[in-house]
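Protein chains in written order, with the working numbering: chain C, 62 to 511; chain B, 62 to 511.
Heads up, a few of these hints could be off.
Because identical chains cannot be distinguished in the list, a pair is counted as satisfied if it fits within a single copy or across any two copies.
With a cut-off of at most 20 Å between alpha-carbon atoms, the simulated SDA-like pairs for lysine to any residue come out as follows [said to hold, decoys possible]:
1. Lys181 - Glu223
2. Lys133 - Arg90
3. Lys281 - Pro151
4. Lys286 - Glu483
5. Lys286 - Gln464
Read the hints as simulated data drawn from the structure, not as lab findings.
Number of protein chains: 2
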Amino acid sequence: MSKNLLTKLQYSAPPESQLIERANYEVIREIQSLGLRRLVKHCWEHVPFYRNRWEKIGLHPDDIRGIEDIGKLPVTNKSEIEKDLKENPPFGTFQGDLPACRIQSSTGTTGMPKPFFQSKHDWDVIGNLWARRLNAQGVTAGDRVQVSLTYALFIPGFTSTEGIMKLGAMVVPVGSGAVTNTERQITLARDWGATCWVMTPSFALHLADVAEKMGYDLKKDFQVKRLIHTGEPLPPAMRERIEERWGLPAYDNWGSVETGAPTFECELKNGVHINEDAYYFEVIDPETGDRLPDGKEGLLTVTTLYKESAPLVRYNIGDFTTIIPEPCSCGRTFRRMASVRSRVDDMVKVRGSAIYPQSVEPVVRKYKELGSEYRLVVDYVNNRDIIKLQAEIVQDCSVDELQEKILNDVNKVLGVKCNGVELLPFGTLAQEASAAGRIKFRRLLDLRKK
Amino acid sequence: MSKNLLTKLQYSAPPESQLIERANYEVIREIQSLGLRRLVKHCWEHVPFYRNRWEKIGLHPDDIRGIEDIGKLPVTNKSEIEKDLKENPPFGTFQGDLPACRIQSSTGTTGMPKPFFQSKHDWDVIGNLWARRLNAQGVTAGDRVQVSLTYALFIPGFTSTEGIMKLGAMVVPVGSGAVTNTERQITLARDWGATCWVMTPSFALHLADVAEKMGYDLKKDFQVKRLIHTGEPLPPAMRERIEERWGLPAYDNWGSVETGAPTFECELKNGVHINEDAYYFEVIDPETGDRLPDGKEGLLTVTTLYKESAPLVRYNIGDFTTIIPEPCSCGRTFRRMASVRSRVDDMVKVRGSAIYPQSVEPVVRKYKELGSEYRLVVDYVNNRDIIKLQAEIVQDCSVDELQEKILNDVNKVLGVKCNGVELLPFGTLAQEASAAGRIKFRRLLDLRKK
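Next up, chain C with everything else stripped away, as it sits in the complex (with noise of 0.2 Å):
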C-alpha cells in the first residue's frame, strides 16, 4: 500500500479505514508529520492563540518539520484555555478565525460550560471516527441502534449518530433519560428490537436495575448484542458487573468534547486504539512537563491533527494513563491507551490523602445487593474531615451485616478510614443523577466549605 494512497484514507470511517488501521507504522508516522506541519501552520495562520504563546518564545512554524519536533511546542494546559476565555469572551482566540458549523460544549458541571467550534470538515471527520469504534466492537450496516446519551451541547450523542448513519446502521435517537424516560427507553429497546445500545456504562447498570423492576429477564428479553460506552471511565469491576448483568460484551471510548472521537476499543478489550491519523498522543511527567516513554504513566496530552476549528496543540487533559507499548493482536497498528485510570478533576484530598472516588468502584460491584449507583460524601465535622459510601440496596439482606462487610472492603482500598457506610432505598440516588444529568452526576459530593 503505497503512502500516497494511505495519505487519501486518512480519517476515513470503515471500510476504507481499515487499511489505515493496519498501516505500516512508519507511514502512520509520516502521516502524522504531514499533520503536525498543516496544523502548525493552520494555527499559525488563524489561530491567535496559538500564534501569540509561540512567538513569545521565538517559534516559528519553520521550526516543526516532522512528528519528530512536537516537543517543541509548549504544552496547553487548560487553565490557559480558561484564561483566553475570560480575556476574550465569549470564545477566546483558541476556536481560530474560520467558519465553524456548530458549537459544542463541556457540560459545565460548576460555572458555565465551555465551548468549542467544530467546522464542517471536523464534524465529518469525528463522524468517520464513531463509525470506527461501531466498526471494530462489531456493529454493521444491518443493526438497529438505540442511541441513549444526551443530546445537547454534550458532543457523543450527535457524533454516535453521525457514525452509526454512517455505517449504514439504523440509528434509534432516545436521548438521555430527562426526555425519553428510563422505563420508556426500556419498553422501546425491546418493543423495536435494537441490536447495539450506546450510553454511559452508569447508564447501562441503571437500566439493568430498572429494566429487572420491571420484570424483565436482561439475557433473555432483549435482541442487544452489545453495549457501546463512552462519556464516564469503564473500570474492569465495572465491565464485569455491565457484562455479567447483561450477558454481553461492553466496549470502552475514551474521548471528550475537546478531543471528538479519539480512541476505540477493539474487540480484544485491551486498552483503546488511539486513531493515530488523526491524533497524536503523548504521556507526560506531571511535575517536569517532560515526555515520557511509552509504558510509563502519566499526564495525557492530545493534539488534534485534523482539526480545523478550536485545534489542540499538546492540550493536557487531566487524565493520568499509559501508552501501551505492545502491538495489538487484533492487527491494527494503531498503538494503544491504557483505560483512563483517574482524572485530576475527579481528585479530592481528605485528611491531606488524595481520593479518586473510582477506587470504591470494585467494592460496590462486588455485593449483589447493591444498585449501581453509589457516591462518596465528604464533609467536615467536630473539626474533621469526614467520608462516607452511599449506595442503594436492591435485594433484601442484613443491612447492619451488609454494611460492616462493606465499610472493611471500602478501607481496604480508599487509603483513609472511611467513617461509614450508608445503604439507602432503590432510586434515591439515580434520581438525584437524573436531575442532574447522568454525566454531571459526581461519584464524589464534597459538602467542605471550600
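Position chain B relative to chain C; hints supplied.
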C-alpha cells in the same frame, strides 16, 4: 429555465432552491407528476401497506399517469397506520422494505410513539427543506442559531440543525429545557450572542417570562434578530404577543414527524408556502372525502413525493386548513396554506359542543397581567361537564376584578359557558409543561372518565 434543469433542482437547499421556489407553475405540476409516478411505483414494489390496499380496489400503478390522477388513490387515515402497526409489529408494513438510516417518531402523548423510518435520501431532503425555511425567514451563513427544541425521537430538533449547517450558519444545539434548563438557555443565548432562535411558540413566551424575571430587557440585552417556530400552531394572537414582547419577527413553519418539513412561511407572514416539488397537498371534505377547491376549508391530506421510507400517499393528518389560491407577492410560485386553525386531535366535546382550546388564545394574550402558559380544564361534577380556564399571573393586579374580566371575554369566544377562571402563581403551569416535555404539554386537561 428548462424543465430538465428545474427537475435537477427539486428538493434542493438554497441558493439553488430559489429557482425552484419561483418556477413556472406548469413546470411544478410536471415535477409533481414525475414525483407521483415514481412514488406510486416505489410503493407498489417496496411498501406492502399501499400495494395491498391498492390491489384490493383493483388499482395499478399504470393508472396513475400524472398528478391529475391523484384522486384515484385512496386517502390514508391515521387509524389505518395504527392498525398496520398493531397487526405487523413493531414497524408495520408502511415503512417499506428498503434500508433506513434512522427512526423518528410521534411523541406518544398517549400510548407508544408511532415510528417513521427515514432513508438517507429522506434525511438529506428534509435538511434541505429546513434550509429553505431559514433562508425564507432571513437567516444567512453569518447567523448563530440557538436550537431550543427537543433532540430525541421527535424530529424538528435534528432536522433544523441539519438545515442550519446546510445553510452554512452555526448551530448552538441546546435542546429542550429538560436537558439545558431555561435559565441557562437564556444565559447562553446572551453570552454566546445568538442571532436567531428556533423553538416552539409556547417556549418563546416562557423564555420571555423567565428572562424578565432574571432581570433582562428582552429588547436590549440580546442580539437575536428573529424567532423561528415549529412544533405547535402559531395563532395570530400568539404571534402578536411573541413579537410584541421580544420586539422581533416570529415565523411559523407547519410540519410533523410523519411529513418532515413540508412548509415554510416567507417574510410576508401570510400563510405557509408548500414545498410543492416535494409534497402534494390537498384539502378534502371531512364528510365525503371529496377534494375541495383551493380557498375552501377542509381536512389536509399530504403526499410525500420524494420520500423513500415510510412514504405518505394522501395521508389525512387531522388538521383543518385552507389552500390559499392567490399567488404570494414574495414572488414564490409555491402555493400557500392558511395557518392551521385547529387539530382534530385537540378537539373535545363539552356539554355536546366541540371545543378547541386555541379559541381562548386571543383572550389570554390580551392581558399583560397574565404569563404565557394557560390551559382549559374539563371535569364532570354533579352530573354535568364543567370547564374552567387556568392561567398564570406575572404582574400585580386585583385578582377578583381580573378574573371577572377574563371570564367575560372567554364566554364570548368559547361557544359554551365557562364555569370559572383560576389565576395561579407564576411558574405553576410552566413546571408541568417542562416535566411533560413542552411538545406534549396540552392546552386542555380532560379529567372526565373516558
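Status of each hint after checking the structure:
Proximity of Lys181 to Glu223 under the C-alpha cut-off of 20 Å is found in both arrangements, the shortest distances being 13 Å within a copy and 11 Å between copies. For a Cα distance limit of 20 Å, the shortest separation of Lys133 from Arg90 inside one copy, 17 Å, qualifies, whereas the shortest one across copies, 65 Å, does not. Proximity of Lys281 and Pro151 under a CA criterion of 20 Å is satisfied inter-copy only: 18 Å between copies versus 51 Å inside one chain copy. Proximity of Lys286 to Glu483 under the C-alpha cut-off of 20 Å is found in neither arrangement, the shortest distances being 35 Å within a copy and 53 Å between copies.
With identical chains, the CA atoms of Lys286 and Gln464 are never at most 20 Å apart, being 35 Å at best within one copy and 59 Å at best between copies.
The structure fails to meet hints 4 and 5 from the earlier list, while all remaining hints are met.
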